[in-house]
Structure formats: C-alpha cells, structure tokens
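A.B. asks: The listed protein sequences correspond, in order, to chains A and B. When you read off a place in the first sequence, starting at 1, and then add 1491, the result is the number in the numbering used here. When you read off a place in the second sequence, starting at 1, and then add 180, the result is the number in the numbering used here.
For the record, the hints were derived by calculation from the structure and aren't laboratory data. Quantities reported herein were computed from a predicted structural model and do not represent experimental measurements. Among the hints, erroneous ones may be present.
As the list claims (entries may be wrong) - Label pairs and their in silico Cβ distance ranges:
hint, chain 1, residue 1, chain 2, residue 2, range
1, A, TYR1508, B, ALA222, 31 to 39 Å
2, B, LEU190, A, ALA1523, 50 to 58 Å
3, A, THR1495, B, PHE216, 23 to 31 Å
Note that the Cβ used here is the ideal one computed from N, Cα and C, for glycine as well.
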Amino acid sequence: MRLTCPLCGPRDRREFYYSGAAVALDRPGAEAPPEAWDDHLHNRDNPAGVTQDLWYHEQGCCSWLKVTRNTVTHEILAVETVGGDSTAGGVA
Amino acid sequence: MPDLIAKPALGLPPLTHAGTTLAEAALPQITAIAPFPGQSAAVGTALGLTFPAPNCVTEAGEARLVWAGRDLAFLLGKAAPEGLPAAVTDQSDGWVALTLSGPQAVQVLARLVPLDLRDMPRGQAARTALNHLPLVLIAEGEGAFTLLTFRSMARTAWHEIGEAMEKLAARAALTP
Ligand SMILES: [Zn+2]
Chain A
1492 MRLTCPLCGP RDRREFYYSG AAVALDRPGA EAPPEAWDDH LHNRDNPAGV
1542 TQDLWYHEQG CCSWLKVTRN TVTHEILAVE TVGGDSTAGG VA
Chain B
181 MPDLIAKPAL GLPPLTHAGT TLAEAALPQI TAIAPFPGQS AAVGTALGLT
231 FPAPNCVTEA GEARLVWAGR DLAFLLGKAA PEGLPAAVTD QSDGWVALTL
281 SGPQAVQVLA RLVPLDLRDM PRGQAARTAL NHLPLVLIAE GEGAFTLLTF
331 RSMARTAWHE IGEAMEKLAA RAALTP
C-alpha cells in the first residue's frame, strides 16, 4: 500500500502511522449536548465503501493527513494535509 | 565554559565492498530552522539561500539548506545568524552523517530505504526511513548519498548498511 503525501510524494505504508477515523477533525461546539460528545468520542461507522481516516507521516514530513479511501476496492481517493497548506517551499 | 573534547560518533575506518564505500563524514554543525508562518522567503534571504521546496536542497558554497519536513529545513555547513524569523534549534552532536558512494550504493539502499533512488539528482533530498531508523537522505549525484540519522543510532545504521553491502557483494560473487 502507498499513500501519496501532498508534500513528500508517493510513499510506502511503513512510513505512516494510522490514527483512526477523521471524525476527530469535526469537534462538537462548546454548547453541544452530551449525546454529540458521546458520538464524537465513542461511536464510529464501519462502512463498506468510502471512508476517511487520519494518518501521520511519521517517517517523513511529520504532517497529519486526511485520507479518503474505499474499504471495498482499497482505492485511495484523496490525501490532504490537515491544518492548512505548508508555508514552506520558497513561498512566503 | 568547559573545554569539551569533540569525538566522532563512530571513529571507524571506511568500509568498502565491491567498489562501494561507506564512511563517516564530519558534521560540525546542524541547525533546525522552522520559519514562522509566511516567513520562509525572509529566512532564505537572511541565509543567502532559497528556502527549499519539499524533497529539495539549496546550496551556496559550503552552506546547504536541506528540506527536513513540513515547514522545516536543516542548515548544514554554516552557523545560523541571530534574529531569523524562525524557530531555530542547534542540533549539532544530535546527528551523525554517513556517506555511501560507488556503483552499488543505489542497490545497497534499495534494501533499506522505501524509495526509488535510481537517477536521483544532486539537489534532491528525502525525509524517510533506513529500515526502522529515521533518515534524512541527501543525493550528492552520480550514485553518492549523504545519510543523516540520530547519533545515538549511528552504530545500528552502520551495521545495517554494512550488512546490506556484504550480502550484495556475496551475491555478485556467486554470479560468474
Ligand atoms: Zn510527507
């Protein structure tokens, strides 16, 4: 399995650490009811099809990545950096 | 300030198999430079180098700026000036530099590094792994590489590379 890191390019799976569902990015608001927090912390879907999860490019650029993939076909549909674009690379 | 005695991480003589040589290189100074948001170009100007794009190295004379991760580069061969618009960390003595050069260097690294290093030109670098060890790989061109890893792992890195060199040479000796 390979993931194409937006910064580093196509890299072997061994360079990445799997963190779990990308639901961690959608934090409930401060006023959200306890049910929303329960959902956020404990409940996960287990889809046969497209899912999104977080991977850490541990042996690479140290970016957190949101990966969209298909659990049935094993297709990687998108890999995006989390927390905005990198400011490095000659771009001010 | 006490007068400390500088010692190499390994102090081993170079190792050669089938015309390919592994050696420890001097690494007098290494500084991590993480520009503050939007300050990459200003950091580059202050250093007299362009802040490198991902997987790249920029150089001017002895000084090199090696991309080392998201919004991070390592400065080699020169001290960082005061007042850079960046988080600056002196990492000298924390890293070891090895060089691997010769006709089998790419094949040796193919056993340890999960990247295709054939035809990787000078000016390219990669933050990746040497087996389980963290690695900053710098292409020197013509099949030569500089390998940076944590100094505490120097002997393991040397052992892993040495073993790959030995096995490749042994296999080559079997083929008439
Ligand atoms: Zn990466």
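A.B. asks: Tell me, in ascending order, the numbers of any earlier hints that this structure violates.
C.D. replies: none
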